[in-house]
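Chains A and B, in that order, give the protein sequences. For the record, in the first sequence the residue sitting at position 2 is 2 according to this note's numbering, with numbers rising by one throughout. For the record, in the second sequence the residue sitting at position 4 is 4 according to this note's numbering, with numbers rising by one throughout.
No lab work stands behind these hints, which were simulated from the structure alone. One or more hints might be untrue.
Claimed, not checked - Straight-line alpha carbon distances no greater than 20 Å define the calculated DMTMM-like cross-link-like pairs of lysine to aspartate or glutamate that follow:
hint, chain 1, residue 1, chain 2, residue 2
1, A, K22, B, E42
2, A, K107, B, E42
3, A, K49, B, D59
4, A, K110, B, E95
5, A, K107, B, E95
6, A, K110, B, D106
7, A, K107, B, D38
8, A, K107, B, D106
9, A, K110, B, D59
Said to hold, decoys possible - With the Cβ distance kept under 8 Å, some of the chain B side facing chain A (calculated, not the full set):
hint, residue
10, I19
11, L43
12, L90
13, V98
14, V99
15, P101
Keep in mind the model is a prediction, meaning the values are calculated, not measured. Cβ atoms here follow ideal geometry from the backbone N, Cα and C, with glycine treated the same way.
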Amino acid sequence: AQSVAQPEDQVNVAEGNPLTVKCTYSVSGNPYLFWYVQYPNRGLQFLLKYITGDNLVKGSYGFEAEFNKSQTSFHLKKPSALVSDSALYFCAVPTRGGSQGNLIFGKGTKLSVKP
Amino acid sequence: EADIYQTPRYLVIGTGKKITLECSQTMGHDKMYWYQQDPGMELHLIHYSYGVNSTEKGDLSSESTVSRIRTEHFPLTLESARPSHTSQYLCASSEYSVVQPQHFGDGTRLSIL
C-alpha cells in the first residue's frame with residue numbers, strides 16, 4: 001500500500017537559515033510525490049511534484065525538493081527561510097487501484113520561522 | 001490562484017439543524033473531494049466523485065452525504081448536525097490523473113453548539 005511519513009511534527013528555523021521538512025515514502029511502482037502548504041485559515045496550496053526525471057524539483061515560493069530513491073525520501077528544502085514561510089506542510093502520494101488518483105497525505109509538519 | 005470556492009467560510013449553528021456546505025469549481029475538473037480536518041491536524045478524505053452522478057465514500061466514515069448533479073458543483077449535507085461534526089471541511093478538485101495536483105478551496109469552519 002502507498003504511504004508517506006513525516007517524522008517531525010514541528011520544525012523551528014531562524015529567518016535566513018536553510019530549512020528542511022522531511023518526508024519518506026513507501027510505494028509500489030513508480031513514485032509520484034507531492035508537497036502542499038497550508039497557511040492559517042486557508043486551504044492547501046500545491047508547491048511541487050516529482051513524477052520522473054531530475055531528482056531536484058523546483059516549485060513555488062523558492063521551495064525545492066530532493067527525491068532520493070535509495071533512502072525513499074522526498075525532503076522539502078529552501079535555502080533561506082522567511083517568516084512568511086511559517087505554515088503547515090504536507091507530503092502526499094497518489095493511491096493505486098480502485099481509488100486511483102486520490103491522495104494519501106502525511107500528518108503534516110508545522111514550520112515555524114522566527115525573526 | 002485556484003478557482004474553487006467554498007461557502008460559507010464560517011458557520012456556527014445549533015444541534016439538529018440541516019446544513020449544506022457549498023463547493024464550486026470553474027476549472028472543469030472531473031474529480032472532486034471533501035476532506036475533514038481539525039485545525040492544524042491531518043486531513044481525512046470523507047467523500048469523492050469521479051464526475052456527474054458519481055459519489056464515493058472516503059477513508060473516514062462520515063454521517064454527511066454528497067451529490068454531484070453538475071460538474072462544477074459538489075455540495076456536502078449534514079441532515080442533523082451534532083457537536084461531533086465540529087471541524088473544518090475542505091473541498092478540492094483535480095483532473096482525472098494521478099500526476100495532476102488537487103486544487104483546494106479555503107474551507108468551511110463549522111461549529112455545532
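Next on the checklist: Hinted pair, alpha-carbon criterion (20 Å max): A/K110, B/D106. Please report holds or violated.
Outcome noted: holds, 18 Å
Item to check | 20 Å limit on alpha-carbon distance, applied to hinted pair A/K110 and B/D59 | outcome: violated, 24 Å
Next on the checklist: Less than 8 Å between beta-carbons is the criterion; does B/L90 satisfy it with respect to chain A?
Outcome noted: holds, 5 Å
Checklist entry - If you take the shortest Cβ to Cβ gap from B/L43 to chain A, is it below 8 Å? => result For B/L43, the interface hint holds, since the closest Cβ of chain A sits about 5 Å away, which is under 8 Å.
Next on the checklist: Quick check on the hint: B/V99 CB to chain A CB, less than 8 Å?
Outcome noted: holds, 5 Å
Item to check | 20 Å Cα cutoff - pair A/K107, B/D38 | outcome: holds, 12 Å
Checklist entry - Does A/K22 pair with B/E42 here, judged by a C-alpha cut-off of 20 Å? => result Since the Cα atoms of A/K22 and B/E42 sit roughly 16 Å apart, the hinted pair holds (cutoff 20 Å).
Checklist entry - Does B/D106 lie within 20 Å of A/K107 when you go C-alpha to C-alpha? => result Holds, at about 19 Å.
Next on the checklist: A/K107 and B/E95 were given as a pair; does the straight-line alpha-carbon distance stay at or below 20 Å?
Outcome noted: violated, 24 Å
Checklist entry - Holds or violated: is the Cβ of B/I19 closer than 8 Å to a Cβ in chain A? => result violated, 19 Å
Item to check | Proposed proximity, B/D59 with A/K49 (alpha carbon, max 20 Å) | outcome: Given pair A/K49, B/D59 is violated - Cα atoms ~23 Å apart, limit 20 Å.
Checklist entry - Does the interface hint hold: is B/P101 within less than 8 Å of chain A, judged Cβ to Cβ? => result holds, 4 Å
Checked against the numbered hints above, the structure breaks hints 3, 4, 5, 9, 10 and satisfies the rest.
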